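Protein sequence lines correspond, in order, to chains A and B. Residue 16 in the working numbering sits at position 16 of the first sequence, with consecutive numbering throughout. Residue 130 in the working numbering sits at position 130 of the second sequence, with consecutive numbering throughout.
No lab work stands behind these hints, which were simulated from the structure alone. This one's a predicted model, so the numbers in the text were calculated from it and none came from an experiment. Hints are supplied without guarantee of correctness; some may be wrong.
Here are the simulated lysine to any residue pairs, SDA-like style, with alpha carbons at most 25 Å apart [claimed, not checked]: (1) B:116 <-> A:229; (2) B:271 <-> A:122; (3) B:271 <-> A:18; (4) A:271 <-> B:26; (5) A:116 <-> B:87.
There are 2 protein chains.
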Amino acid sequence: MISATSRCLDCIFNQAYRITRNVGMDEEESWRFLIETMDVLSRTRRGDTPIHITRRVYDVLERFGYSDPFREIKRHSIELARELLSDIEKDFDMDDGLFEALKISAAGNALDFGLKDASIDILRDRFLQVMRKTLYAPDYEEFLRMLDGDEVLFIGDNAGESVLDTLVLRELIKQGIRVYYAVRHVPVINDVIYEDAVESGVDEYAEIVDSGSEYPGLVLEETSREFQELFRRCSVVISKGQGNLEGLYGVSDKVFFLLTAKCPHIAKLLKVSEFSPVFVRNRLLSNTES
Amino acid sequence: MISATSRCLDCIFNQAYRITRNVGMDEEESWRFLIETMDVLSRTRRGDTPIHITRRVYDVLERFGYSDPFREIKRHSIELARELLSDIEKDFDMDDGLFEALKISAAGNALDFGLKDASIDILRDRFLQVMRKTLYAPDYEEFLRMLDGDEVLFIGDNAGESVLDTLVLRELIKQGIRVYYAVRHVPVINDVIYEDAVESGVDEYAEIVDSGSEYPGLVLEETSREFQELFRRCSVVISKGQGNLEGLYGVSDKVFFLLTAKCPHIAKLLKVSEFSPVFVRNRLLSNTES
């Protein structure tokens, strides 16, 4: 797992502020929500993950009566991703379909309405900008060797990019691999839940499984027993996005992280520049590093 | 006075985060500072001014041993303003020197290293961008009538723009007016203190007076008795910048606000677009509005 930095505190509080605008709180409610969020954040301990800290902000939000504040935004993201998918499919390189699909799915991770100044146009531009880069995939050959006609678990991140994840699922089942696509148990930020995955067309290619997680990133201990059993059984796990990386970093070396590095902290950790598409194998960490 | 909005909470906390970078705190110290700042901010009450809230962040900073974190930055600001002044003086319109000087001083308010993404180049560009706009000065004729060959108090804001304020002081003394230039009692953010005013050349034109204030904005009750007496005596007060406006808004109608509107909250209040240069007379407010 990855601990939050001081920069994360600023980023998470700014997210909380932007949520007050997204859900249309009036000034009086925004004020009360942010003061309560400050109070909660002031009790953060060093070593806490961004996932756990963000979850606490959502707990405050739920106490304020907002259980699915990104519902509408997720609909728009899925629409945008569908539009991009239909453009992309024309030029799809069938020769190395799996690699191409991984690249597109990684770039899809940039379609994140949780980011600063996010709008349909900015996200579309950012996606195309990431698409022009080369996928950093030093462990791709190793990944192919590990696939071995087996079962693969794909852990989804945001609703929207989930539409583009279907390309990876499609390429995997072409190889006779059975794929599971894990979603969050409840709405948290813009993360993909069961209904979003269905709306994204994931069920055409994979069995959608509920991870049991209520966190905006996969922390194994917080998932259901059934999910943990599935995780154990699959020979390869594709973990999508930053939140899942924060939870799984250093935990299991059958995990491959697929994402766009969207913050300087994660970019530095992966030794890439910001907004690079990345596909790397997880390494086991000693406790001092995790 | 102007109360803080929920947006101010986000802005002030982001300032606190940027201060950790400006003063070169390491990660461990940054974390402790931000957690303590969150704790302090979580006890903010509705109705508190941005000035008071920001002061509390500086109290935390002082407890961490940083009493003048913007010292170096203030030196750079003064240098930058001197460079801009020497460019400007060539084209200075002597026909309406006072109006021109007010415009330049207002635009100088954009030279604020406290702003997001501030760098020498960005601030220079922003200054020139504001200079291309028209000074919004609906009360200028009234101001001229009120001047009446008397004493004027000019309340300084940031070190740097203080160099450009000297143009206003020069134009006033040409009219035989005696001018006082008020500075903060102690360093707070990048606000002008006695030594900064001297370095800016203010003492050539005006008597520099210590307001007694330790706040990043002028709140009359927090100033010295001598300053309050001076404030009472002068027939016109020019209040520079947002912080002083936040403290003096609605308080006395002999005050004229001279500034660049640097945040949406203040721009909306003054009914101008962001980054407009403004010179407007204060209006007395009923308690419910203040």
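Structure-based check of each hint:
1. Annotation: proposed proximity of residue 116 of chain B to residue 229 of chain A is violated, straight-line Cα distance about 48 Å (limit 25 Å).
2. The suggested pairing of residue 271 of chain B with residue 122 of chain A is violated, with an alpha-carbon distance near 29 Å, which exceeds 25 Å.
3. Taken as a hint, the residue 271 of chain B and residue 18 of chain A pair is honoured in the structure, with Cα atoms around 24 Å apart against an allowance of 25 Å.
4. For the hint linking residue 271 of chain A to residue 26 of chain B, the alpha-carbon distance of about 21 Å falls within 25 Å, and the restraint holds.
5. In summary, the hint linking residue 116 of chain A to residue 87 of chain B is not supported, as the alpha carbons are separated by about 37 Å, beyond the 25 Å threshold.
Going through the hint list in order, the structure does not satisfy hints 1, 2 and 5.
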